[in-house]
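Engineer: Below, each chain spelled out in residue letters.
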Amino acid sequence: MKITVTVNAADYTRVVEPRLLLIHFLRDDLRLTGSHWGCDTSNCGACVVWLNETPIKSCTVLAVMADGQRITTVEGLAAAHRLDPVQEAFAACHGLQCGFCTPGMMMTARWLLDSNPDPTEEEVREAISGQVCRCTGYENIVRSVLWAAKHEGGDHSTGGDTDEPRLRAAPP
Amino acid sequence: MNHAYGPLPRKEDARFIRGQGTFVDDIVLPGMLYGAILRSPLAHARIVSVDANAARAHPSVVAVLTGDDLAERGLAWMPTLLGDVQAVLATDKVRFQGQEIAFVVATDRYAARDALELIVVDYEQLPPLVDALTALDSGAPVVRDDLPGGNRIFDWTAGDKAATDAVFAAADVVVGCDMLYPRSHPAPLETCGAVADYDVVSGKLTLWSTSQAPHAHRTLYASLTGLPEHKIRIVSPDLGGGFGAKVPIYPGYLCAITASMLTGRPVKWVEDRSESLMSTTFARDYHMHGEIAATADGEILGLRARVLADHGAFNAAAQPSKFPAGFFHIFTGSYQTRAAYCEVTGVYTNKAPGGVAYSCSFRITEAVYLVERLTDMLARELGLDPAELRMRNLLRPEQFPYTCPTGWEYDSGDYPRALQLALDMAGYAELRREQAERRARGEYMGIGLSFFTEGVGAGPRGHMDIMGLAMADGADLRIHPTGNAVLAVSVQTQGQGHETTFAQLVAQELGLSPDDVDVVHGDTDRTPFGLGTYGSRSTPVSGAAAVVAARKVRERARLVAAVMLEVDADDLEWLDGMWRVKGDPDQALGIVEIARAAHSALELPPGIEGHLDASAVYNPPNLTFPFGAYICVTDVDPGTGEVKVRRFIAVDDCGVRINPMIVEGQVHRGIADGIGIALMQAISFDENGNCLGGSFMDYLLPTSLECPSPELGMTVTPSPHHPVGAKGIGESATVGAPPAVVNSVVDALAPFGVTHADMPLTPANVWLAIQGRPIRTDLAAS
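Residue numbers (our numbering), protein chains in the order written: chain A, 1 to 172; chain B, 1 to 782.
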């Protein structure tokens, strides 16, 4: 089938098999490999991208279902080479280790902050609860999203306020 | 002054936050083909025939490999890392559900999967051996009829049996328990995969693969395929986690290599999630009986353990070959004991092979779980507080270096200080008061402690090897004329941040900024030989190699600086990142100036040929022994059996912290692992040997809602033998957290008379334990 999908503001027309998953369309056909495939069962969320304004698991959507729709991937997160506050936050707060879940986590975080600019920790945890990270125990992902919320609108200068004492040392 | 150490943001993040990491499945080569594996639906069956003709006729299929095809090339079986053999593609029978039978190579990944459906396998079903506890019974199905020893793989003992029995016979109190450390899977978010590219002209094989040990893999592939080792290049690109799952070599890698050599085209193979959970290396699966002996006032006297280790269908654990049960015999843990003895028997079953994986420090996970559960049971028996019992029996700082009854020499520690800090952070006395109040109200709150001693950073090479390759690691350090440095190391990050931490190590030694140091890893053509990253060995071994190489550079720089300053080299001292004239510290030169001079027309001193570059191979004199005290607070709903982890306090001592931010991240991960393993992650099997944890629908991983915000503390007791006093931290929390969680849940259930329940403590298992009906969690619920 011939489909036209707008991905990160560019139009792509391709002939695809009806059974092709959106994640494979993005990764194999368009070579946008930032979104990852991690499970077969829509549990892990490494493949989260936006379908129009909504995060979806792209392993559970057929490419043909995206015909005529807008897809945003991690490659579209930074606008004009300027990092999104969410991207800065993940680096500032050590919100990633292996980096495999990170694109999906960031796409969900961006969506959350667009709809809820000042989320509580519980709201952040709820928002990312459909996605799996095997490296961070989620702690620094949560901190990253909260940091991004604080630094939206241009105040991206430093990660300084992540240095608040979190670690208790024994007296010598 | 440690100018370069500290919570430096990671160098590697720049690519990952942009979605520009390069993982194996991101690699596409011109003309690349896609492989897919046909797997056995049965746990135990004789293969009567494999008919791949219809698959070969599929228009998109380029080749099909069966066991017979590999047998013609001598590749149907491959050696495992522990001296056993494993079928690459089955020829005689299948021995676990998910075992590899055929490999289809097609022009796209969907077609390869389609063609699998066209292969017809005729099986003659055999009774499977599922329950490891029956493996040695007469009449049990024999898994390995290709071997003479029946289902027994090994019997192994450590410690002094007679002395231990004597201590037990004289003890006031003996407490014992059967406990299972269930089979789990590391489940890195990126599954295993490879792209094999054999160049028929040069005869060179390049293999991009998910490998935590690229150099060791190169040597293995050379001996397996017959390709000369200099014609093999292993590239391990960005890895989406590993945790031990990417240490062994798997049949899929070898199939991709063979298919590429056969077709002359690059071949990609990436396993799917079910394939990963069902066939690549599992972890744990130890059926343990432990006993602890003590005086009536709570002095621990001795420990005994008897273990039945389920190794699955092939003995394919990845660990030092001298130790068939890994480091399990460190099971006396952090306590003084007069004697200890353990026996471990390994058996084959019709389950996936593996056994050492998942951040377990070669079975220290199982050892710590055993002793920490027993310590809690002893406290209950004696009516002592578990914190008090631990404090009484912990090793004292003045006892280090301490040799435990089974022979390990712990390098350094101050255990009571770490436990006291954890108790203070938790507000322990107040927690116990709250627990008493809640119990009076019919609420079930648990407080669980664990204290662990880890042993990480293998070798020494004289004691530890894998397939004859001694566990030492190299580092090459180049200093460019402008003073920038490139460090090449043999270990392989899977998210641990080596590119940052190792740059900090070198920068610290040479007075450079970490920005001026690039770290190269994961490419055997560009890095020195070494055994790779697992068992938390990167910083203890490879980090040490980097420091030793940097110190060699520094000494070379001293000789050059002496010429430049026209002084004797002995008159120079290294101070604040520069070589300075003693007594005249303003006369000083840094590495940047010295490097330029070393490449200039300056007449160089004897022994300096024209640059500052240096190499080192580090053979660790001993393991490093990090330790920690953990406290887990849970609330249990007795109606549903649901466990909520309310707080998790973790005090870790990993010696000197090079990048504390990365260290804390490692601890966060391990705590999440500990909660997952204790509460939900387990792979069980039904009576036919069907894997019941074959997807993330069934093999449950903790999410952001199950993981609390950890409360971290630290003490710093440097390792006396590591060049900068660092110890490994990668697995501490995975080792220490599960017993804290289980101890907490069992503590919560004390009013019901529950003294033990096996992991995973799912709501159903907890509810059954409350009813006094504990179950075998390794078998399907009947």
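Hints listed in this document are in silico derivations from the structure and should not be mistaken for laboratory results. Remember, predicted model here, so these are calculated numbers, not experimental data. Hints should not be assumed to be uniformly reliable.
Unchecked claim - Mimicking SDA-like on lysine to any residue, the simulated pairs with C-alpha atoms at most 20 Å apart in a straight line are:
1. Lys11/B - His81/A
2. Lys11/B - Leu83/A
3. Lys93/B - Glu687/B
4. Lys204/B - Glu687/B
5. Lys322/B - Lys204/B
6. Lys11/B - Glu123/A
7. Lys644/B - Asp40/A
8. Lys2/A - Tyr110/B
9. Lys644/B - Gly130/A
10. Lys2/A - Asp108/B
Claimed, not checked - If the Cβ cut is set under 7 Å, some of the chain A residues that face chain B in the computed set are:
11. Cys39
12. Thr41
13. Gly68
14. Thr72
15. Phe90
16. Cys98
17. Thr102
18. Ile128
To be verified - Covered stretches of chain A, as calculated for chain B (at least 3 residues, CB under 8 Å):
19. 29-35
20. 42-53
21. 107-117
Beta carbons are placed, not taken as given, at the ideal position from N, Cα and C, and that holds for glycine.
Engineer: All the hints need checking, so say for each whether the structure fits it.
Structural biologist: Do the hints match the structure? See the list:
A threshold of 20 Å between alpha carbons decides the hint, and for lysine 11/B with histidine 81/A the separation of about 18 Å falls inside it, so the pair holds. Restraint check for lysine 11/B and leucine 83/A: satisfied, since their Cα atoms lie roughly 16 Å apart, inside the 20 Å limit. At roughly 19 Å between alpha-carbon atoms, lysine 93/B and glutamate 687/B fall within 20 Å of each other, so this suggested pair holds. Proposed proximity of lysine 204/B and glutamate 687/B is contradicted: the alpha carbons are some 47 Å apart, above 20 Å.
Using a Cα cut-off of 20 Å, the hinted pair lysine 322/B and lysine 204/B is violated, with the two alpha carbons roughly 34 Å apart. With a C-alpha separation of about 30 Å, the suggested pair lysine 11/B and glutamate 123/A falls outside the 20 Å cut-off, and the hint is violated. Restraint check: the Cα-Cα separation between lysine 644/B and aspartate 40/A comes to about 28 Å, which exceeds 20 Å; the hinted pair is violated. At most 20 Å may separate the alpha-carbon atoms for a hinted pair to count; lysine 2/A and tyrosine 110/B meet this at roughly 18 Å.
Taking the CA atoms of lysine 644/B and glycine 130/A, the gap is about 18 Å. The hint holds against a cut of 20 Å. Proposed proximity of lysine 2/A and aspartate 108/B is supported: the alpha carbons are some 19 Å apart, at most 20 Å. For the restraint placing cysteine 39/A at the interface with chain B, the shortest Cβ-Cβ distance is roughly 4 Å, inside the 7 Å limit, so the hint holds. At about 5 Å, the closest approach between the beta carbon of threonine 41/A and any beta carbon in chain B falls short of 7 Å, and the interface hint on this residue holds.
Here the hint on glycine 68/A is broken, as its CB sits about 23 Å from the closest CB of chain B, past 7 Å. Residue-level restraint check for threonine 72/A is violated (minimum Cβ-Cβ distance to chain B is 12 Å; threshold 7 Å). Contact between phenylalanine 90/A and chain B, as hinted, is supported at the beta carbon level, the nearest pair being about 5 Å apart and thus within 7 Å. Checking cysteine 98/A against chain B by beta carbon gives a least distance of about 3 Å; that is within 7 Å, so the hint holds.
Checking threonine 102/A against chain B: minimum C-beta separation of about 5 Å stays under 7 Å; hint holds. The closest approach between the C-beta of isoleucine 128/A and any C-beta of chain B is roughly 5 Å, which is under the 7 Å cut-off, so the hint is satisfied. Only when three residues or more bring their CB closer than 8 Å to a CB of chain B does the claim for the segment 29-35 of chain A stand; here the count is 5, and the claim holds. Look at the segment 42-53 of chain A against chain B: 3 of its residues bring a Cβ nearer than 8 Å to a Cβ of that chain, three or more, so the hint holds.
Only when three residues or more bring their CB closer than 8 Å to a CB of chain B does the claim for the segment 107-117 of chain A stand; here the count is 0, and the claim is violated.
Consistency with the previously given hints fails for numbers 4, 5, 6, 7, 13, 14, 21, ordered from lowest to highest.
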